[in-house]
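Protein chains in written order, with this note's numbering: chain A, 1 to 264; chain B, 1 to 264; chain C, 1 to 264; chain D, 1 to 264.
No wet-lab data here; the hints were simulated from the structure.
Hints should not be assumed to be uniformly reliable.
Unchecked claim - In silico DSS-like cross-links for lysine-lysine, where the CA-CA straight-line distance does not exceed 30 Å:
(1) A:LYS205 / D:LYS116
(2) D:LYS32 / A:LYS100
(3) B:LYS116 / A:LYS233
(4) C:LYS117 / B:LYS116
(5) A:LYS96 / D:LYS116
(6) D:LYS138 / A:LYS205
(7) C:LYS32 / B:LYS205
(8) A:LYS96 / D:LYS205
(9) D:LYS138 / D:LYS32
Stated by the list, open to error - Just so you have them, the derived chain D footprint on chain B, three or more residues with Cβ under 8 Å:
(10) 132–142
(11) 204–214
(12) 220–227
Fair warning: this is a prediction, and the values are worked out from it, not measured in the lab.
Every residue gets a Cβ at the ideal spot worked out from N, C-alpha and C, and that includes glycine.
There are 4 protein chains.
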Amino acid sequence: MRKTNIYKTKIFPDIQNQTDSRKVSIDKVGVKNIKYPIIVADKHNKCQPTIAEINLFVDLPHHYRGTHMSRFVEVLNQYHKENFIDNLEEILKEIKNRLKADAAYLELSFPYFIIKKAPVSKIASSVNYDCYFRASLKDVFEFWIGVKVPVTTLCPCSKEISDYGAHNQRSIVSVWVHYTEFVWLEDLIELTEQSCSCDIYPLLKRVDEKYVTEKAYDNPMFVEDIVRELSIKLSKDSRIMHYDIEVESYESIHNHNAFAKKSE
Amino acid sequence: MRKTNIYKTKIFPDIQNQTDSRKVSIDKVGVKNIKYPIIVADKHNKCQPTIAEINLFVDLPHHYRGTHMSRFVEVLNQYHKENFIDNLEEILKEIKNRLKADAAYLELSFPYFIIKKAPVSKIASSVNYDCYFRASLKDVFEFWIGVKVPVTTLCPCSKEISDYGAHNQRSIVSVWVHYTEFVWLEDLIELTEQSCSCDIYPLLKRVDEKYVTEKAYDNPMFVEDIVRELSIKLSKDSRIMHYDIEVESYESIHNHNAFAKKSE
Amino acid sequence: MRKTNIYKTKIFPDIQNQTDSRKVSIDKVGVKNIKYPIIVADKHNKCQPTIAEINLFVDLPHHYRGTHMSRFVEVLNQYHKENFIDNLEEILKEIKNRLKADAAYLELSFPYFIIKKAPVSKIASSVNYDCYFRASLKDVFEFWIGVKVPVTTLCPCSKEISDYGAHNQRSIVSVWVHYTEFVWLEDLIELTEQSCSCDIYPLLKRVDEKYVTEKAYDNPMFVEDIVRELSIKLSKDSRIMHYDIEVESYESIHNHNAFAKKSE
Amino acid sequence: MRKTNIYKTKIFPDIQNQTDSRKVSIDKVGVKNIKYPIIVADKHNKCQPTIAEINLFVDLPHHYRGTHMSRFVEVLNQYHKENFIDNLEEILKEIKNRLKADAAYLELSFPYFIIKKAPVSKIASSVNYDCYFRASLKDVFEFWIGVKVPVTTLCPCSKEISDYGAHNQRSIVSVWVHYTEFVWLEDLIELTEQSCSCDIYPLLKRVDEKYVTEKAYDNPMFVEDIVRELSIKLSKDSRIMHYDIEVESYESIHNHNAFAKKSE
């Protein structure tokens with residue numbers, strides 16, 4: 001196909017900047033699944049380097065043909081070496097300006113490590129939690145943090161009706177909070193681990209395994225119980241405005257999962 | 001631990017039925033990731049057997065300790081041999097009754113096959129689409145259908161600024177609609193495939209490959225363009241009350257994806 | 001870019017057929033992740049329609065530039081309505097001929113359903129197993145079948161050292177066999193379910209839940225025990241020439257998995 | 001159930017250490033999917049902190065009942081702060097000793113970041129590659145490194161038969177090498193990116209997008225071509241004893257993938 005000379009002279013038209021006549025605005029447009037090394041705040045060690053999967057979006061007014069995707073990455077280049085959580089609002093402001101947008105959105109997920117001691121032997125090891133930030137800036141800045149906490153659930157019904165034993169399993173508690181006053185991921189994890197049959201450990205010696213086995217048996221909980229216990233704790237916490245709780249239990253007696261959720 | 005005689009005599013207490021004093025109601029509780037063979041309506045062949053991944057939930061009033069998970073599966077046993085889409089409201093009614101709930105929710109995802117002819121050679125083959133039903137019954141019955149449609153997107157900017165060629169890639173258009181009047185999955189797929197650079201085929205001979213290559217080059221589209229073209233079509237369709245459109249493009253020049261979404 | 005007239009006259013060159021001078025043969029070339037409706041043999045109902053994810057490959061001699069991918073799909077079109085397992089060798093012969101190859105390979109994975117009765121209440125429900133066929137035809141025809149069986153494992157150490165209870169969890173046993181004489185998927189599943197703490201059910205009433213809880217507690221097994229019990233059964237089976245066993249246990253007390261494997 | 005006094009006095013029996021009479025040895029037993037922060041060698045910055053998913057196994061002689069899973073984590077605790085690749089053999093020796101095993105196996109996968117400059121604008125950004133180590137120590141130490149490299153493939157057939165354009169897509173080249181003399185991940189990535197239609201960039205301005213679009217169009221390659229080009233380069237490299245190459249192309253015109261592989 002022939003091309004007019006303007007391409008030869010390398011003055012490129014800005015297609016994205018073209019006026020769009022279809023009168024259709026777009027809620028969110030941007031980039032998804034960018035992996036980037038970032039730094040997050042750590043309650044005990046000031047900061048922790050980790051690797052995030054990042055989504056960045058803006059809204060697009062009806063009169064623009066498209067957004068400029070490369071600018072999202074330019075903003076990440078600017079900020080990824082600083083503590084992300086301290087700069088989220090600034091990052092979103094920067095994105096709004098660069099993209100001439102009314103609203104900017106950021107979604108982060110990253111593994112976060114905490115040193116956890118075995119309950120009896122006290123041997124310390126690293127355990128990872130999948131953590132999340134979700135921030136948006138339109139007229140106001142809104143921010144949510146989330147974490148997936150693996151826990152043990154032991155079935156109250158199974159314990160009650162059986163002469164011995166009780167089925168138990170690994171369950172995942174996903175908790176998201178929208179706060180006014182800063183809440184550490186560590187605090188959210190702690191509240192969650194206090195709301196299950198027993199919490200999970202990276203390393204257990206025999207004395208520890210006896211402890212967690214008996215603790216779980218002494219604290220039978222349905223997925224419903226975890227949602228309730230955790231929602232009571234979160235409702236009492238003055239720093240937290242809204243929360244989402246989801247519990248999914250990988251039932252050891254079924255090939256499907258038990259599930260419960262509550263938002264407030 | 002010792003057990004009182006009641007266990008020996010096999011009169012089991014109904015733990016789930018116990019009164020809960022915590023005054024915390026639960027939004028959704030139930031079963032997730034049940035795989036089940038089902039039958040769905042097929043525009044051209046009346047019905048199509050497929051395999052669904054199913055989530056079933058009810059709400060739980062604050063005064064009940066737990067729900068009875070096994071009853072969800074009992075309802076599936078009753079209905080899975082009938083055409084699912086014709087019975088969704090009845091299934092949810094049945095679940096509400098069995099679980100003594102105020103609201104019931106069903107989520108289905110399943111592969112759905114359509115015979116598609118190559119554009120020039122006209123050779124017919126099966127192509128699969130991931131499809132979705134989402135139904136709820138509280139006071140009123142609400143129903144959404146969804147489908148993920150793989151398409152080709154060819155970048156308008158890349159075409160415009162390059163002397164030859166243009167980067168293109170596989171993209172996934174996810175479209176969900178809430179309708180008043182029945183909409184076939186086939187209709188939704190057709191509207192989507194008319195809103196991209198070129199649609200995708202299971203089998204292409206050389207004459208067909210020439211056709212799709214040139215068609216994509218003749219129809220460059222950003223993810224934003226697909227959202228707009230499809231939203232215009234869906235807005236015009238009197239059967240459709242609400243829709244969600246998401247387009248994710250697996251950019252051939254990046255290791256991350258371009259994304260756009262719109263709901264109405 | 002200019003094109004010589006031959007394109008206008010639509011006599012397309014066969015690029016794949018071009019001679020390659022690099023003297024590099026290729027082990028496997030073909031298509032991956034094709035979803036196709038197929039029919040498999042069912043021990044109790046003669047046949048079962050299901051949906052397979054299919055990989056098809058051939059070897060490529062050094063002197064050919066490429067293989068003709070569309071022909072793999074043409075072969076599927078021919079055979080997908082017949083009982084696949086009865087036609088595997090014929091399918092591979094057909095592929096070898098169509099692609100002028102010395103070797104042809106087929107990999108199938110599909111969900112397979114079995115009606116399973118609860119152990120005490122005897123209520124029957126469908127339960128799904130991920131199943132696999134792997135066939136190759138070079139000079140001789142070789143065939144493997146595989147299945148992933150979800151089971152309960154209860155930890156012998158946890159039981160022994162704890163005053164009450166024992167941690168247990170969902171575990172997945174993956175077993176592959178290469179046989180001389182036909183082995184039903186049902187047989188392979190049965191042998192596997194006889195080699196664990198307790199097997200898993202789609203639906204359990206309270207009487208059943210008591211049964212599986214106590215059965216698991218009465219049969220504590222490490223992943224190592226499952227590998228050993230199953231390998232002894234498979235070794236004794238005169239129909240089976242080789243096997244691979246893998247057991248992965250989603251530990252309810254850890255966020256990582258216990259694993260064991262054996263091949264023979 | 002009653003327990004004898006030894007449990008009360010907390011002298012726990014070592015169940016794993018019990019003698020097994022079944023005469024079945026186990027090929028591999030250990031832990032899977034442990035996430036752990038580690039440090040890997042970086043060609044340009046000496047070392048790079050990253051997060052690995054780790055599998056650790058040993059063989060189990062027929063006369064032992066089970067292995068001691070917690071010891072694998074204890075070894076990770078010891079070594080994760082040192083440069084992993086420098087200590088792999090020592091780590092495996094340590095595991096063999098701790099577990100009294102004849103063979104030890106380690107599998108690591110981790111994201112690895114390289115600063116990459118856009119081809120024309122020269123803007124530098126981080127791009128991630130999924131990387132792998134696989135090490136074993138029985139009588140001798142064996143070591144493989146691997147990397148998944150996303151690239152652009154442009155179809156030679158599509159280009160040849162079409163009057164304009166050519167379908168292209170993101171493809172993943174997985175390459176594993178077993179070397180005698182150290183090979184940097186960066187070297188392996190560079191060799192791979194030199195063997196495709198065009199390599200992929202984290203950030204491209206318009207001048208760069210024109211460049212990559214035209215470069216891909218000028219270098220049409222089938223998955224077969226990539227396997228051949230890369231295998232020629234690896235065969236010539238005196239440091240490399242064996243290699244596995246797999247190329248999977250997410251075809252922009254199909255919903256399935258093209259695939260080719262070669263091992264030597």
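Hints, verified against the model:
Only pairs whose Cα atoms come within 30 Å are accepted, and LYS205 (chain A) paired with LYS116 (chain D) is rejected, the gap being roughly 45 Å. A threshold of 30 Å between alpha carbons decides the hint, and for LYS32 (chain D) with LYS100 (chain A) the separation of about 47 Å lies outside it, so the pair is violated. Distance restraint check for LYS116 (chain B) and LYS233 (chain A): the Cα-Cα separation of roughly 55 Å exceeds the 30 Å cut-off, and the hinted pair is therefore not satisfied. In summary, the hint linking LYS117 (chain C) to LYS116 (chain B) is not supported, as the alpha carbons are separated by about 40 Å, beyond the 30 Å threshold.
Pair hint LYS96 (chain A) plus LYS116 (chain D) holds up; C-alpha atoms about 26 Å apart against a cutoff of 30 Å. A C-alpha spacing of about 27 Å is found between LYS138 (chain D) and LYS205 (chain A), which places the hinted pair at or below 30 Å, so the restraint holds. Taken as a hint, the LYS32 (chain C) and LYS205 (chain B) pair is honoured in the structure, with Cα atoms around 18 Å apart against an allowance of 30 Å. For the suggested pair LYS96 (chain A) and LYS205 (chain D), the alpha carbons sit about 19 Å apart, so the restraint of at most 30 Å is met.
Taken as a hint, the LYS138 (chain D) and LYS32 (chain D) pair is honoured in the structure, with Cα atoms around 20 Å apart against an allowance of 30 Å. With a cut-off of 8 Å between beta carbons, the stretch 132–142 of chain B has 0 residues touching chain D; three or more are needed, and the interface restraint is violated. For the stretch 204–214 of chain B, the proposed coverage by chain D is satisfied: 7 residues have a C-beta within less than 8 Å of a C-beta in that chain, meeting the threshold of three. Coverage of the stretch 220–227 of chain B by chain D is violated. Counting CB-CB distances below 8 Å, 0 residues qualify, and the rule asks for three or more.
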